[in-house]
Amino acid sequence: MEPLMTSEEVAEYLHVDPVTIRRLINRKELSAYRIGADYRIAAADLESYLQRQRVTALAEKSDFNAVINQFSIWMRKKFQNASGPYQEGSASNREHFDRLTNRARHTLVLAQEEAQKLRHNYIGTEHVLLGLLREEEGIAGLALKNLNILTEQVRKDIELISGPGHDVVSEMQHLTSRAKYAMELAVDEARQMNHHFLGTEHLLLGLVREGEGLAAVIIQKQGIKLEQVRAEVLKLLKPYLPDTSTTPLTNDATQLATGQKQSQTTTICSNCESANLSHFRYCSHCGQKLFETNDQDKAEPEQGA
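In the working numbering, the protein residues as written are 15 to 319.
It should be emphasised that the hints constitute simulated quantities derived from the structure, not laboratory data.
None of the values given here were measured: they were computed from a predicted structure.
Among the hints, erroneous ones may be present.
Okay, derived cross-link-like pairs now, SDA-like style, lysine to any residue, Cα gap no bigger than 20 angstroms in a straight line [unchecked claim]:
1) 131 to 178
2) 159 to 32
3) 42 to 150
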(Lines of atoms letter the chains of each structure in order from A and count residues from 1; the text may use other names and numbers.)
(Lines give C-alpha, C1' and ligand atoms only; values in the text may rest on other atoms or scores of the structure.)
Protein backbone atom coordinates (compact mmCIF):
# COMPACT_ATOMS: atom_id res chain seq x y z
CA MET A 1 0.00 0.00 0.00
CA GLU A 2 1.26 3.48 -0.88
CA PRO A 3 2.34 5.78 1.97
CA LEU A 4 -0.38 8.00 3.40
CA MET A 5 -0.06 11.69 4.25
CA THR A 6 -1.56 13.44 7.26
CA SER A 7 -3.92 16.36 6.76
CA GLU A 8 -1.17 18.64 8.09
CA GLU A 9 1.30 17.34 5.49
CA VAL A 10 -1.21 17.87 2.70
CA ALA A 11 -1.96 21.36 4.02
CA GLU A 12 1.74 22.20 4.05
CA TYR A 13 2.15 20.85 0.53
CA LEU A 14 -0.77 22.95 -0.76
CA HIS A 15 0.13 25.97 1.39
CA VAL A 16 -3.30 26.09 3.04
CA ASP A 17 -4.58 25.75 6.59
CA PRO A 18 -5.12 22.17 7.89
CA VAL A 19 -8.73 23.15 8.65
CA THR A 20 -9.25 23.66 4.91
CA ILE A 21 -8.15 20.08 4.24
CA ARG A 22 -10.54 18.72 6.87
CA ARG A 23 -13.38 20.74 5.37
CA LEU A 24 -12.66 19.31 1.93
CA ILE A 25 -12.77 15.81 3.42
CA ASN A 26 -15.98 16.49 5.35
CA ARG A 27 -17.61 17.87 2.20
CA LYS A 28 -16.54 14.66 0.42
CA GLU A 29 -14.49 16.63 -2.12
CA LEU A 30 -11.24 14.95 -1.07
CA SER A 31 -11.13 11.22 -0.36
CA ALA A 32 -9.32 10.14 2.81
CA TYR A 33 -8.96 7.36 5.37
CA ARG A 34 -10.21 8.05 8.86
CA ILE A 35 -7.61 7.00 11.45
CA GLY A 36 -8.93 7.71 14.92
CA ALA A 37 -9.63 11.42 15.16
CA ASP A 38 -7.43 12.27 12.17
CA TYR A 39 -7.34 11.54 8.45
CA ARG A 40 -4.75 10.06 6.12
CA ILE A 41 -4.71 10.94 2.44
CA ALA A 42 -3.33 8.81 -0.38
CA ALA A 43 -1.24 10.54 -3.03
CA ALA A 44 -3.55 9.20 -5.76
CA ASP A 45 -6.60 10.72 -4.05
CA LEU A 46 -4.85 14.05 -3.69
CA GLU A 47 -3.83 13.97 -7.35
CA SER A 48 -7.43 13.16 -8.34
CA TYR A 49 -8.70 16.13 -6.33
CA LEU A 50 -6.13 18.49 -7.84
CA GLN A 51 -6.99 17.34 -11.36
CA ARG A 52 -10.65 18.23 -10.72
CA GLN A 53 -9.61 21.71 -9.59
CA ARG A 54 -7.46 22.30 -12.65
CA VAL A 55 -8.28 25.53 -14.49
CA THR A 56 -7.91 25.04 -18.22
CA ALA A 57 -5.45 27.41 -19.90
CA LEU A 58 -6.69 29.61 -22.74
CA ALA A 59 -4.60 27.67 -25.24
CA GLU A 60 -6.46 24.48 -24.33
CA LYS A 61 -9.98 25.88 -24.46
CA SER A 62 -10.53 25.55 -28.19
CA ASP A 63 -11.55 21.91 -27.95
CA PHE A 64 -13.89 22.68 -25.06
CA ASN A 65 -15.45 25.59 -26.97
CA ALA A 66 -15.98 23.25 -29.90
CA VAL A 67 -18.54 21.16 -28.05
CA ILE A 68 -20.40 24.32 -27.01
CA ASN A 69 -20.38 25.52 -30.62
CA GLN A 70 -21.55 22.08 -31.72
CA PHE A 71 -24.45 22.30 -29.28
CA SER A 72 -25.32 25.88 -30.27
CA ILE A 73 -25.42 25.02 -33.98
CA TRP A 74 -27.58 21.99 -33.30
CA MET A 75 -29.92 24.03 -31.07
CA ARG A 76 -30.29 26.75 -33.72
CA LYS A 77 -31.39 24.13 -36.23
CA LYS A 78 -33.98 22.92 -33.75
CA PHE A 79 -35.43 26.40 -33.44
CA GLN A 80 -35.67 26.82 -37.19
CA ASN A 81 -38.58 24.38 -36.87
CA ALA A 82 -39.95 25.87 -33.63
CA SER A 83 -43.71 26.12 -33.24
CA GLY A 84 -46.10 27.88 -30.88
CA PRO A 85 -44.99 31.09 -29.18
CA TYR A 86 -41.43 30.66 -30.43
CA GLN A 87 -42.58 30.75 -34.03
CA GLU A 88 -43.97 34.26 -33.70
CA GLY A 89 -41.27 36.89 -33.33
CA SER A 90 -38.82 34.10 -34.09
CA ALA A 91 -35.78 36.28 -34.71
CA SER A 92 -35.62 37.79 -31.24
CA ASN A 93 -36.74 34.63 -29.49
CA ARG A 94 -34.15 32.46 -31.18
CA GLU A 95 -31.45 35.03 -30.53
CA HIS A 96 -32.20 34.85 -26.81
CA PHE A 97 -32.51 31.08 -26.78
CA ASP A 98 -29.26 30.60 -28.64
CA ARG A 99 -27.38 31.65 -25.50
CA LEU A 100 -26.59 29.23 -22.71
CA THR A 101 -26.10 30.65 -19.24
CA ASN A 102 -22.49 30.82 -18.10
CA ARG A 103 -23.11 27.95 -15.69
CA ALA A 104 -24.69 25.81 -18.43
CA ARG A 105 -21.73 26.52 -20.72
CA HIS A 106 -19.32 25.58 -17.95
CA THR A 107 -21.31 22.38 -17.38
CA LEU A 108 -20.72 21.32 -21.00
CA VAL A 109 -17.02 22.15 -20.64
CA LEU A 110 -16.86 20.00 -17.51
CA ALA A 111 -18.81 17.22 -19.25
CA GLN A 112 -16.22 17.06 -22.02
CA GLU A 113 -13.44 17.17 -19.45
CA GLU A 114 -14.98 14.18 -17.64
CA ALA A 115 -15.30 12.27 -20.91
CA GLN A 116 -11.64 12.93 -21.68
CA LYS A 117 -10.55 11.77 -18.23
CA LEU A 118 -12.43 8.51 -18.81
CA ARG A 119 -10.92 8.32 -22.32
CA HIS A 120 -14.40 8.22 -23.84
CA ASN A 121 -14.60 9.48 -27.42
CA TYR A 122 -18.19 10.69 -26.89
CA ILE A 123 -20.15 12.88 -24.48
CA GLY A 124 -23.11 11.03 -23.03
CA THR A 125 -25.81 11.86 -20.52
CA GLU A 126 -23.56 10.50 -17.77
CA HIS A 127 -20.84 13.05 -18.55
CA VAL A 128 -23.40 15.87 -18.55
CA LEU A 129 -24.59 14.65 -15.13
CA LEU A 130 -21.02 14.85 -13.84
CA GLY A 131 -20.73 18.34 -15.28
CA LEU A 132 -23.89 19.41 -13.47
CA LEU A 133 -22.59 17.96 -10.21
CA ARG A 134 -19.28 19.78 -10.53
CA GLU A 135 -21.04 23.07 -11.32
CA GLU A 136 -22.05 23.09 -7.67
CA GLU A 137 -23.64 26.52 -7.43
CA GLY A 138 -26.04 26.05 -10.32
CA ILE A 139 -29.64 25.13 -9.58
CA ALA A 140 -29.04 21.61 -10.88
CA GLY A 141 -25.97 21.17 -8.69
CA LEU A 142 -27.88 22.34 -5.63
CA ALA A 143 -30.78 20.00 -6.40
CA LEU A 144 -28.47 16.99 -6.80
CA LYS A 145 -26.63 17.89 -3.60
CA ASN A 146 -29.92 18.12 -1.71
CA LEU A 147 -30.74 14.61 -2.92
CA ASN A 148 -27.31 13.39 -1.73
CA ILE A 149 -26.19 12.47 -5.24
CA LEU A 150 -22.41 12.83 -5.01
CA THR A 151 -19.81 13.38 -7.72
CA GLU A 152 -17.41 10.64 -6.64
CA GLN A 153 -20.13 8.00 -6.40
CA VAL A 154 -21.50 8.90 -9.83
CA ARG A 155 -18.00 8.74 -11.31
CA LYS A 156 -17.43 5.30 -9.74
CA ASP A 157 -20.76 4.06 -11.11
CA ILE A 158 -19.83 5.24 -14.61
CA GLU A 159 -16.48 3.46 -14.42
CA LEU A 160 -18.21 0.33 -13.16
CA ILE A 161 -20.88 0.31 -15.87
CA SER A 162 -19.04 1.56 -18.96
CA GLY A 163 -15.40 1.37 -17.89
CA PRO A 164 -12.57 3.61 -19.09
CA GLY A 165 -11.68 3.83 -22.76
CA HIS A 166 -8.52 2.22 -24.12
CA ASP A 167 -7.12 5.07 -26.18
CA VAL A 168 -6.15 8.64 -25.36
CA VAL A 169 -8.85 10.92 -26.74
CA SER A 170 -7.28 13.53 -29.01
CA GLU A 171 -10.24 14.61 -31.12
CA MET A 172 -13.32 16.51 -30.08
CA GLN A 173 -16.00 14.24 -28.68
CA HIS A 174 -19.53 14.40 -30.02
CA LEU A 175 -22.79 14.30 -28.12
CA THR A 176 -24.46 10.88 -28.20
CA SER A 177 -27.97 10.57 -29.59
CA ARG A 178 -29.37 10.20 -26.06
CA ALA A 179 -27.48 13.29 -24.90
CA LYS A 180 -28.82 15.26 -27.87
CA TYR A 181 -32.35 14.09 -27.10
CA ALA A 182 -31.92 15.10 -23.46
CA MET A 183 -30.73 18.54 -24.61
CA GLU A 184 -33.76 18.80 -26.89
CA LEU A 185 -35.98 18.06 -23.89
CA ALA A 186 -34.05 20.66 -21.89
CA VAL A 187 -34.87 23.23 -24.56
CA ASP A 188 -38.52 22.19 -24.34
CA GLU A 189 -38.46 22.60 -20.54
CA ALA A 190 -37.09 26.12 -20.90
CA ARG A 191 -39.68 26.92 -23.57
CA GLN A 192 -42.52 25.74 -21.35
CA MET A 193 -41.21 27.95 -18.53
CA ASN A 194 -41.01 30.85 -21.00
CA HIS A 195 -37.31 31.22 -20.15
CA HIS A 196 -35.14 32.84 -22.80
CA PHE A 197 -31.94 31.18 -21.59
CA LEU A 198 -30.96 27.57 -21.13
CA GLY A 199 -29.67 26.99 -17.60
CA THR A 200 -28.39 24.05 -15.59
CA GLU A 201 -31.90 23.42 -14.24
CA HIS A 202 -33.19 22.83 -17.78
CA LEU A 203 -30.28 20.50 -18.57
CA LEU A 204 -31.04 18.37 -15.51
CA LEU A 205 -34.76 18.29 -16.26
CA GLY A 206 -33.88 17.15 -19.77
CA LEU A 207 -31.74 14.30 -18.42
CA VAL A 208 -34.50 12.98 -16.18
CA ARG A 209 -37.18 13.37 -18.86
CA GLU A 210 -35.05 11.37 -21.29
CA GLY A 211 -35.17 8.66 -18.66
CA GLU A 212 -33.16 5.87 -20.31
CA GLY A 213 -29.64 7.27 -20.60
CA LEU A 214 -26.84 6.27 -18.27
CA ALA A 215 -27.40 9.44 -16.23
CA ALA A 216 -30.95 8.37 -15.41
CA VAL A 217 -29.81 4.80 -14.71
CA ILE A 218 -27.15 5.99 -12.24
CA ILE A 219 -29.55 8.35 -10.46
CA GLN A 220 -32.02 5.51 -9.95
CA LYS A 221 -29.18 3.16 -8.96
CA GLN A 222 -28.59 5.46 -5.99
CA GLY A 223 -32.17 4.97 -4.84
CA ILE A 224 -33.49 8.29 -6.16
CA LYS A 225 -36.56 8.34 -8.37
CA LEU A 226 -36.43 10.58 -11.42
CA GLU A 227 -39.63 12.27 -10.24
CA GLN A 228 -37.80 13.26 -7.05
CA VAL A 229 -35.12 15.02 -9.07
CA ARG A 230 -37.70 16.98 -11.02
CA ALA A 231 -39.57 17.87 -7.85
CA GLU A 232 -36.37 19.11 -6.19
CA VAL A 233 -35.50 21.33 -9.16
CA LEU A 234 -38.99 22.81 -9.19
CA LYS A 235 -38.80 23.37 -5.44
CA LEU A 236 -35.66 25.45 -5.91
CA LEU A 237 -37.38 27.36 -8.71
CA LYS A 238 -40.53 27.90 -6.66
CA PRO A 239 -39.82 31.58 -5.83
CA TYR A 240 -40.04 32.23 -9.57
CA LEU A 241 -42.54 29.51 -10.49
CA PRO A 242 -45.36 29.83 -7.91
CA ASP A 243 -47.67 27.28 -9.51
CA THR A 244 -45.13 24.52 -10.14
CA SER A 245 -45.95 20.85 -9.79
CA THR A 246 -44.38 17.64 -11.00
CA THR A 247 -46.42 17.93 -14.21
CA PRO A 248 -45.15 19.76 -17.30
CA LEU A 249 -45.13 23.51 -16.80
CA THR A 250 -47.17 26.05 -18.74
CA ASN A 251 -45.89 29.37 -20.00
CA ASP A 252 -47.50 31.38 -17.21
CA ALA A 253 -45.62 29.31 -14.59
CA THR A 254 -42.77 31.79 -14.77
CA GLN A 255 -44.74 34.63 -13.22
CA LEU A 256 -43.35 35.84 -9.93
CA ALA A 257 -45.17 35.17 -6.69
CA THR A 258 -45.93 38.87 -6.18
CA GLY A 259 -49.10 39.03 -8.26
CA GLN A 260 -47.54 40.17 -11.51
CA LYS A 261 -49.71 40.49 -14.57
CA GLN A 262 -49.87 37.51 -16.85
CA SER A 263 -47.99 39.35 -19.61
CA GLN A 264 -44.92 39.85 -17.41
CA THR A 265 -42.41 37.07 -18.05
CA THR A 266 -38.94 36.55 -16.71
CA THR A 267 -35.44 36.68 -18.11
CA ILE A 268 -32.74 34.45 -16.66
CA CYS A 269 -29.39 36.10 -15.95
CA SER A 270 -26.62 34.42 -17.94
CA ASN A 271 -24.17 35.02 -15.09
CA CYS A 272 -25.96 33.92 -11.90
CA GLU A 273 -29.12 32.23 -13.31
CA SER A 274 -31.48 34.32 -11.18
CA ALA A 275 -34.85 35.29 -12.66
CA ASN A 276 -35.68 38.91 -13.47
CA LEU A 277 -38.77 40.59 -14.88
CA SER A 278 -38.54 40.80 -18.65
CA HIS A 279 -38.31 44.61 -18.72
CA PHE A 280 -35.22 44.64 -16.44
CA ARG A 281 -32.02 45.59 -18.28
CA TYR A 282 -29.69 44.56 -15.44
CA CYS A 283 -29.85 41.56 -13.12
CA SER A 284 -31.35 42.50 -9.76
CA HIS A 285 -29.09 39.91 -8.07
CA CYS A 286 -25.60 40.40 -9.55
CA GLY A 287 -25.88 43.51 -11.74
CA GLN A 288 -25.01 41.68 -14.98
CA LYS A 289 -26.44 43.32 -18.12
CA LEU A 290 -29.32 41.10 -19.27
CA PHE A 291 -29.36 42.10 -22.94
CA GLU A 292 -26.83 43.06 -25.55
CA THR A 293 -27.08 46.77 -26.15
CA ASN A 294 -26.28 46.96 -29.86
CA ASP A 295 -29.81 46.36 -31.23
CA GLN A 296 -31.69 47.65 -28.24
CA ASP A 297 -29.74 50.89 -27.96
CA LYS A 298 -30.40 51.59 -31.61
CA ALA A 299 -34.12 51.19 -31.01
CA GLU A 300 -34.18 53.49 -27.99
CA PRO A 301 -34.32 57.27 -28.54
CA GLU A 302 -31.49 59.38 -27.25
CA GLN A 303 -32.17 61.26 -24.03
CA GLY A 304 -33.61 64.66 -24.73
CA ALA A 305 -34.79 63.68 -28.21
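Hints, one by one, checked against the model:
no.	hint	in the structure
1	131 to 178	holds, 8 angstroms
2	159 to 32	violated, 25 angstroms
3	42 to 150	holds, 13 angstroms
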